[in-house]
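Chemist: Sequence:
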Amino acid sequence: MTPDRELNQGTKRKRGERRRAFLACETCRKQKEKCEGGPPCWRCQRLGRPCHFQGQPIQIATSPCSSTVPVASIPKDQSRRIQSLEDIARHFLGDVPLDEENIVRIADKLRSSTNTVPPETALDINESFDVQFVSDNMAHYSGEFSHWNFSQTLRRKMSCQIDQFDLRVKEYWRPTQLQSPPEVIVETLTHLPPRAIADFLITMFFKYVEVNSFYMERKWIEEKVALCYSPKTTYTAIDFPWVCSVFVVMAIGTQVAHMEDEKPNPASEITEELNLCSEDSVGLVFYHAACKLIPDVLLVASHESVQVFLLLATYSLPVSTGGLAYTYYGLAMKMAIQNGMHRKYQGGNCDSRTIEVRNRLFWTAYTIEKYISILHGRPLSIARSEINADMPRDCPTFKSPRFANLTAFHTLISYLGEVSETLAQFKRCPKRLLSEYLERLVRLRTSIKQWWDSLPATEECRDLCSQGPNFRQNSHLRLCYLLIYVYMGRAFIFVDDRKQADEARVGPDQDSGRAHRLVLVDDCVSSALDILNTLQSLSDHVGLCRASYNEFGACRAAILVILAECLNAGKSQRLQDGLHRGMSLIRQMVGGSSSKSDISYLESIEAAITRLEAIPEEGSIFHPQSEKSSISAYSKFKDWTQSLKKDKSASGNLELSSFSPLSHLTPSTEPFVDPGLNDMTTFFEPHWSNGDFQFDAYNLSSLSN
1 MTPDRELNQG
11 TKRKRGERRR
21 AFLACETCRK
31 QKEKCEGGPP
41 CWRCQRLGRP
51 CHFQGQPIQI
61 ATSPCSSTVP
71 VASIPKDQSR
81 RIQSLEDIAR
91 HFLGDVPLDE
101 ENIVRIADKL
111 RSSTNTVPPE
121 TALDINESFD
131 VQFVSDNMAH
141 YSGEFSHWNF
151 SQTLRRKMSC
161 QIDQFDLRVK
171 EYWRPTQLQS
181 PPEVIVETLT
191 HLPPRAIADF
201 LITMFFKYVE
211 VNSFYMERKW
221 IEEKVALCYS
231 PKTTYTAIDF
241 PWVCSVFVVM
251 AIGTQVAHME
261 DEKPNPASEI
271 TEELNLCSED
281 SVGLVFYHAA
291 CKLIPDVLLV
301 ASHESVQVFL
311 LLATYSLPVS
321 TGGLAYTYYG
331 LAMKMAIQNG
341 MHRKYQGGNC
351 DSRTIEVRNR
361 LFWTAYTIEK
371 YISILHGRPL
381 SIARSEINAD
391 MPRDCPTFKS
401 PRFANLTAFH
411 TLISYLGEVS
421 ETLAQFKRCP
431 KRLLSEYLER
441 LVRLRTSIKQ
451 WWDSLPATEE
461 CRDLCSQGPN
471 FRQNSHLRLC
481 YLLIYVYMGR
491 AFIFVDDRKQ
501 ADEARVGPDQ
511 DSGRAHRLVL
521 VDDCVSSALD
531 ILNTLQSLSD
541 HVGLCRASYN
551 EFGACRAAIL
561 VILAECLNAG
571 KSQRLQDGLH
581 RGMSLIRQMV
591 GGSSSKSDIS
601 YLESIEAAIT
611 RLEAIPEEGS
621 IFHPQSEKSS
631 ISAYSKFKDW
641 TQSLKKDKSA
651 SGNLELSSFS
661 PLSHLTPSTE
671 PFVDPGLNDM
681 TTFFEPHWSN
691 GDFQFDAYNL
701 SSLSN
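Read in full-length UniProt numbering, the sequence shown has 609 at position 609, and its numbers run on one by one without any break.
No lab work stands behind these hints, which were simulated from the structure alone. One thing to keep in mind: the hints can contain errors.
Taking lysine to aspartate or glutamate pairs in the DMTMM-like style, the calculated list, with each CA pair at most 20 Å apart, reads [what the hints assert, rightly or not]: (1) Lys207 x Glu223; (2) Lys232 x Glu217; (3) Lys431 x Asp522; (4) Lys399 x Glu210; (5) Lys449 x Asp522; (6) Lys344 x Asp390; (7) Lys219 x Asp239.
All chains, please: the whole structure from these sequences, using the hints.
Modeler: So, in structure tokens, the structure goes:
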């Protein structure tokens with residue numbers, strides 16, 4: 001025992017001898033501790049700290065139970081450090097006495113608990129997950145501590161007895177008794193278009209849709225299409241997913257087929273042409289044919305089923321992003337988990353190419369679902385801590401998309417997830433931690449910019465040369481990058497009155513919290529304007545896609561930010577020009593549709609602009625100029641869709657609609673669609689809400705106080 005402890009024990013007072021003071025010293029008052037009077041009081045004397053009463057100077061006294069060094073001689077920094085350590089101790093331990101005896105007792109107890117050696121009989125439970133391949137594209141997954149794992153453990157222990165009595169165990173991987181007969185596939189194939197049209201639509205899919213994410217290899221889908229048109233092909237239950245994929249790919253192809261139209265129409269004709277366009281109705285034929293197969297796709301539950309729901313979600317993105325598309329992405333994730341695609345496969349029963357396809361499909365589903373969930377305020381299907389699947393590898397045998405763009409898109413969404421988690425803390429954290437999370441956002445902003453600047457600037461990722469082979473892919477990647485800054489800063493636009501920002505910035509002692517918020521908001525507004533610049537470049541060189549969620553969503557987010565900045569910071573020529581250009585661009589993507597949802601959306605934007613008196617009303621619309629050579633395949637596709645409209649059997653019930661991010665889907669012609677499926681279109685709710693995150697402005701403004 002140390003001399004100090006012996007001395008402390010010698011001066012320890014019994015509880016019965018303590019008395020309550022009529023007047024507490026200032027030190028005990030600040031610490032909210034009981035004081036027994038003085039000066040000095042017994043508690044301050046025992047803890048060796050200064051003790052003084054109101055109106056008295058601080059006593060410089062030494063205590064027989066403390067060090068012989070006077071309290072006044074303790075350095076100020078050391079005293080502050082001790083006080084901070086006491087605050088930390090009280091935070092984690094509660095309101096406990098921090099005298100030397102109690103501190104030593106707590107420290108001894110902590111040391112004894114950490115140095116305790118576990119006995120030999122301690123539990124050693126190390127149960128792992130199980131991924132068992134049933135076929136080349138189908139696997140069975142069972143997680144740790146599941147019913148299945150326990151039954152397999154028991155089975156292994158009894159394996160000798162089972163083999164001895166020659167007992168055959170019937171495996172049951174999928175509910176086959178619920179599957180439809182293969183004749184359903186044959187019936188669905190009657191909705192196939194001519195082979196040349198199918199090839200054209202598949203080309204459109206890989207040219208305009210599979211941009212920075214992996215859905216399938218083109219060689220694979222072309223082989224499946226060849227099987228569909230072969231009269232010798234026989235079908236089994238395992239074929240439902242890939243047949244469904246063929247129809248959904250063609251449906252998506254109809255959404256982007258207009259990108260191949262090189263004819264520059266005048267503004268007076270574009271609305272009429274879009275209203276007469278029958279691509280959407282043809283796409284619905286393919287979509288409804290695919291929907292008939294969904295129950296069997298769910299029953300098969302292979303990695304091709306994951307593929308199907310990814311494609312269905314892509315088709316639904318412009319129609320109902322936060323509703324139908326989000327549900328399809330959830331189904332894709334459930335199918336992936338059922339196949340164990342979220343875990344690293346360590347067996348030897350599957351070839352490396354299949355494993356790579358599984359990894360790419362899983363990370364595509366996880367990344368895009370995370371992207372949609374964050375922007376639309378939805379929960380994720382799986383926590384990141386549950387995932388240990390290998391990231392995609394750079395394999396020369398995989399042609400698309402480019403690997404650098406694939407990994408860059410995944411990294412961008414990972415950064416978006418970090419930003420979202422940090423923003424969520426503003427609703428939950430104490431006010432004293434608000435500045436810390438603001439600083440974390442600023443550090444994230446710096447990290448994202450440094451990472452982006454490190455990406456290759458030739459051909460891949462950051463190369464925005466309009467003549468480059470990846471101009472469209474790289475432009476979409478930049479839109480996603482800029483959208484992170486928009487998402488990061490828009491929550492703070494209305495926290496500060498930006499009209500008085502110049503006055504607040506004057507002076508050396510400006511508030512750091514306000515400065516951080518201004519940085520984030522400035523980045524948000526400048527990124528919104530950069531989004532419009534990128535979209536304008538796309539419009540001028542390759543055209544904007546009416547079915548592109550990335551393009552429409554980025555344009556919409558940029559317009560909303562500019563409107564918010566006009567409300568909060570006042571009008572400027574830069575913002576007026578941005579609003580005018582943004583409205584022109586979004587009209588291109590809406591396509592002049594006459595649906596009520598489109599009109600109401602545009603009217604709300606126009607009304608906001610009119611109230612702000614930001615820009616004059618102008619009817620000019622920018623039109624994409626195509627510099628590509630004419631492609632006869634699109635003309636054939638247009639002729640085929642128009643022939644469907646003129647067909648006598650199709651006349652009378654054909655309601656043609658312009659495809660737009662907000663348009664209501666309409667049923668197709670009677671010979672191509674089961675009338676019972678036409679009612680499905682009533683479930684398509686046009687929903688392009690971006691799930692803006694709302695914060696308590698009072699909490700954020702408290703940083704300035």
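Chemist: If a hint holds in the structure, say so; if it doesn't, say that too.
Modeler: How the hints compare with the structure:
1. A threshold of 20 Å between alpha carbons decides the hint, and for Lys207 with Glu223 the separation of about 18 Å falls inside it, so the pair holds.
2. The suggested pairing of Lys232 with Glu217 is violated, with an alpha-carbon distance near 24 Å, which exceeds 20 Å.
3. With a C-alpha separation of about 24 Å, the suggested pairing of Lys431 with Asp522 is violated against the 20 Å cut-off.
4. In summary, the hint linking Lys399 to Glu210 is supported, as the alpha carbons are separated by about 11 Å, within the 20 Å threshold.
5. Simply put, Lys449 and Asp522 have alpha-carbon atoms about 15 Å apart, close enough for the 20 Å limit, and the pair holds.
6. Taken as a hint, the Lys344 and Asp390 pair is honoured in the structure, with Cα atoms around 6 Å apart against an allowance of 20 Å.
7. At roughly 17 Å between alpha-carbon atoms, Lys219 and Asp239 fall within 20 Å of each other, so this suggested pair holds.
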